[in-house]
Amino acid sequence: MNVLVWLAAILLLLMAWVGGKQGARSFLSLFLNFGVIFLTVMFMMDPAVNPILITFIASILIGCVSLFFINEVNGKTTIAFISTMVTIVILLVFIVIVSQKLMIQGFGEEEEEAISGLSLYIGVDFMKIGASVIIMSTIGAIMDVAISIASSMHEIFKHNPLLSKKELFKSGVSIGRDILGTDTNTLFFAFFGGYLALLIWFKDLNYSIGEIVNSKIFSSEMILILCAGMGVALVIPIASWINAYFLVKTREK
Amino acid sequence: MINKTRNRTTKRWILYILLLFCLASSLLFVNHNYSFYDRPIAQVVQTTLEDTTKTKDMHGNEDTLFTQHIVAILKNGEEKGQQIHLTNQYSTSGAYDQQYHIGNKLFVSIDSETGEKIAGSITDVKRDQYVLVVAWIFIFTLLIVGHKQGLLAIVSFVINVLLLSFALDIYVHYSRVSLLLICGLCILLFTAISLLLVSGFNEKTYAAIVATLIATVASLSITSLVIWLTSGSGLRYEEMQFLTRPYHTVFMAGLFIGSLGAIMDVAITMSSSIFALYERDHDISIKSLKTSGMDIGKDIMGTITSILFFAYISGSIPMLILYLKNASPLGFALSMNLSLELARALAGGIGIVLTIPIGLYTTVFFVKRKKARV
Chain A
1 MNVLVWLAAI LLLLMAWVGG KQGARSFLSL FLNFGVIFLT VMFMMDPAVN PILITFIASI
61 LIGCVSLFFI NEVNGKTTIA FISTMVTIVI LLVFIVIVSQ KLMIQGFGEE EEEAISGLSL
121 YIGVDFMKIG ASVIIMSTIG AIMDVAISIA SSMHEIFKHN PLLSKKELFK SGVSIGRDIL
181 GTDTNTLFFA FFGGYLALLI WFKDLNYSIG EIVNSKIFSS EMILILCAGM GVALVIPIAS
241 WINAYFLVKT REK
Chain B
1 MINKTRNRTT KRWILYILLL FCLASSLLFV NHNYSFYDRP IAQVVQTTLE DTTKTKDMHG
61 NEDTLFTQHI VAILKNGEEK GQQIHLTNQY STSGAYDQQY HIGNKLFVSI DSETGEKIAG
121 SITDVKRDQY VLVVAWIFIF TLLIVGHKQG LLAIVSFVIN VLLLSFALDI YVHYSRVSLL
181 LICGLCILLF TAISLLLVSG FNEKTYAAIV ATLIATVASL SITSLVIWLT SGSGLRYEEM
241 QFLTRPYHTV FMAGLFIGSL GAIMDVAITM SSSIFALYER DHDISIKSLK TSGMDIGKDI
301 MGTITSILFF AYISGSIPML ILYLKNASPL GFALSMNLSL ELARALAGGI GIVLTIPIGL
361 YTTVFFVKRK KARV
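Residue numbers (this note's numbering), protein chains in the order written: chain A, 1 to 253; chain B, 1 to 374.
Simulated from the structure, these hints should not be mistaken for lab results. Among the clues, some could well be false.
[Claimed, not checked] Over 10 Å on every C-beta distance to chain B, these chain A residues come out as not near it, computed from the model:
no.: 1; residue: Ser26
no.: 2; residue: Ile52
no.: 3; residue: Val86
no.: 4; residue: Val173
[Unchecked claim] With a straight-line Cα cutoff of 25 Å, these simulated DSS-like cross-link-like pairs (lysine-lysine) come out:
no.: 5; chain 1: B; residue 1: Lys290; chain 2: B; residue 2: Lys368
no.: 6; chain 1: B; residue 1: Lys370; chain 2: B; residue 2: Lys290
no.: 7; chain 1: B; residue 1: Lys370; chain 2: A; residue 2: Lys21
no.: 8; chain 1: A; residue 1: Lys101; chain 2: A; residue 2: Lys170
no.: 9; chain 1: A; residue 1: Lys101; chain 2: A; residue 2: Lys158
no.: 10; chain 1: B; residue 1: Lys80; chain 2: B; residue 2: Lys148
no.: 11; chain 1: B; residue 1: Lys298; chain 2: A; residue 2: Lys158
no.: 12; chain 1: A; residue 1: Lys166; chain 2: B; residue 2: Lys368
no.: 13; chain 1: B; residue 1: Lys290; chain 2: A; residue 2: Lys21
no.: 14; chain 1: A; residue 1: Lys101; chain 2: B; residue 2: Lys368
no.: 15; chain 1: B; residue 1: Lys298; chain 2: B; residue 2: Lys287
no.: 16; chain 1: A; residue 1: Lys21; chain 2: B; residue 2: Lys371
no.: 17; chain 1: B; residue 1: Lys148; chain 2: A; residue 2: Lys165
For clarity, every value in this text was computed on a predicted model and none was experimentally measured. For every residue, glycine included, the Cβ atom is placed at its ideal position computed from N, Cα and C.
Turn these sequences into a full structure, and let the hints guide you.
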């Protein structure tokens, strides 16, 4: 049988064993998210549609699956959802500017072998697709931080309902700081693992530092890692502020 | 007390000034480092659009091709200061080409010199100055938001990159050393360094380190066993790019370094929350520690698996689009481009889920030991 089927079956069993019903739900959400990515690819193939817009719609769908389907719709998840979207919009603007300057779209010369024989003039805008790849890579981590901050701040607010907006914001940021290190680590190692072959390639072919830094493929991977880290950091003050704002507002009512 | 605060503010100011100095000098350097490159660099001063053609490939994809004439000024080498004439062809999709604008800095090769006129061709774009700017924005975002934790995240990132680069140097130069052995050692060091930096020298860190290592070995065994039993069917290694080495080992090594971060994340979350419960109430029973630990584990399981999932799958979107637009059958395009990424994500997920019980029992063991000592 297929490796992927086996691994998926083992993962499902483990998730159901450790997490019970919630675990099975998490597994199902992976499937749904895969479906969203698949649909995104399908829509991006149409040159008439703007990939950035599709990314934004895909982010909304992914947010619904990961936040509302796993947890359920309530104050916490709604605020986490809003914070995720705000962060993504800011990050998206930044990434589009950066990738225009860097010209990192499409494929690098190291990938020539893989794309040889394929027609490259296919009409879709690879610059925007590149930007959307960065967003989609980071969205999982951004949502993780957003939901952690939202649930801890709700917990704090429940125990001390008299905290001011500023104090709430501060406690949110300090919770965020604790997750910042581990979440950036998760992303960094995930990307290192993926680029291991590329790094060995650079070493084997004796690339100089200048060649590595200026190559399309390395700079695009570097931008991906850096933007992912920035996304995780940015969502902290954004989520804390939105949470503080809404929590204080509910108290005033 | 006042002295201490004052001390701290001075320290902070020294740090800021040092950072600004690094920022200014590095920006100055990358914008004027032409003489450090052997390859000729030219800056675009004038572009003219010469030709526009509409194309249609055999799969019916429409695109527009443009031909651009570029005049640029050479920035280094013997011809420094002279003009160079270049031609560039680009398409609207820009999969393997791009439009150049005035001000862009390009690596060029000089093809011919007839009298005053130098003609050449473009080899690549000079990207270092932008990479540096983004790196600085990253550093400042992390420092402003994260203060000390942001600094530690950057430090651990830099240390891990250097360590990995050093380990790969050893691997490349002494090919008798097995990559898996090197990665094993790296994993040990990565875990110790990252976790000690994130949460300091204390028992919850030790518990997390032990749990991470056990979970990594456990998930390594499961994944290897599955690949061995199925003899790797369904994994399309052809798609792995940049291969100069045996692909199977490179893939396995990448897989374990890749899931390490997520496993550490789960392990430290488990151990610090269980220790926090114990610190709050020293008489808490082992049984209720286990129940609350399991609840915390259930909560984080889904989100952390999806972090890995998105980080891996998204990277293959451009290639997938290229394949599908070239009329590849859907199943072929998916298995060519996604099989390894999916295997990585699934194996990582297995590691994450396994870490929950492993982290729980390891931490409970450490708590018990601490209890016995008190």
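Hints and how they fare:
1. At roughly 3 Å from the closest C-beta of chain B, the C-beta of A/Ser26 falls inside 10 Å, breaking its exclusion from the interface.
2. At roughly 13 Å, the least C-beta separation between A/Ile52 and chain B is larger than 10 Å, which holds for a residue marked as non-interface.
3. With a least CB separation of 15 Å from chain B, A/Val86 remains clear of the 10 Å interface cut-off, as annotated.
4. For A/Val173, the shortest C-beta to C-beta distance to chain B comes to about 7 Å, within the 10 Å cut-off, and the non-interface label is violated.
5. For the given pair, B/Lys290 sits about 12 Å from B/Lys368 by alpha-carbon distance, which is consistent with the 25 Å threshold.
6. Taking the CA atoms of B/Lys370 and B/Lys290, the gap is near 16 Å; set against the 25 Å cutoff, the hint holds.
7. Only pairs whose Cα atoms come within 25 Å are accepted, and B/Lys370 paired with A/Lys21 is rejected, the gap being roughly 34 Å.
8. For a cut-off of 25 Å, the pair hint linking A/Lys101 to A/Lys170 is broken: about 36 Å separates their Cα positions.
9. Taking the CA atoms of A/Lys101 and A/Lys158, the gap is about 47 Å. The hint is violated against a cut of 25 Å.
10. About 46 Å separates the Cα atoms of B/Lys80 and B/Lys148, which puts this hinted pair outside 25 Å; it is violated.
11. Our distance criterion of 25 Å between C-alpha atoms is met by B/Lys298 and A/Lys158, whose separation comes to about 22 Å.
12. At most 25 Å may separate the alpha-carbon atoms for a hinted pair to count; A/Lys166 and B/Lys368 exceed this at roughly 40 Å.
13. Only pairs whose Cα atoms come within 25 Å are accepted, and B/Lys290 paired with A/Lys21 is accepted, the gap being roughly 18 Å.
14. Note on A/Lys101 and B/Lys368: the hinted pairing is violated, with a Cα-Cα distance of about 57 Å set against a maximum of 25 Å.
15. Only pairs whose Cα atoms come within 25 Å are accepted, and B/Lys298 paired with B/Lys287 is accepted, the gap being roughly 17 Å.
16. This hinted pair does not check out: A/Lys21 and B/Lys371 have alpha carbons roughly 34 Å apart, beyond 25 Å.
17. At roughly 23 Å between alpha-carbon atoms, B/Lys148 and A/Lys165 fall within 25 Å of each other, so this suggested pair holds.
The structure shown violates the earlier hints numbered 1, 4, 7, 8, 9, 10, 12, 14 and 16.
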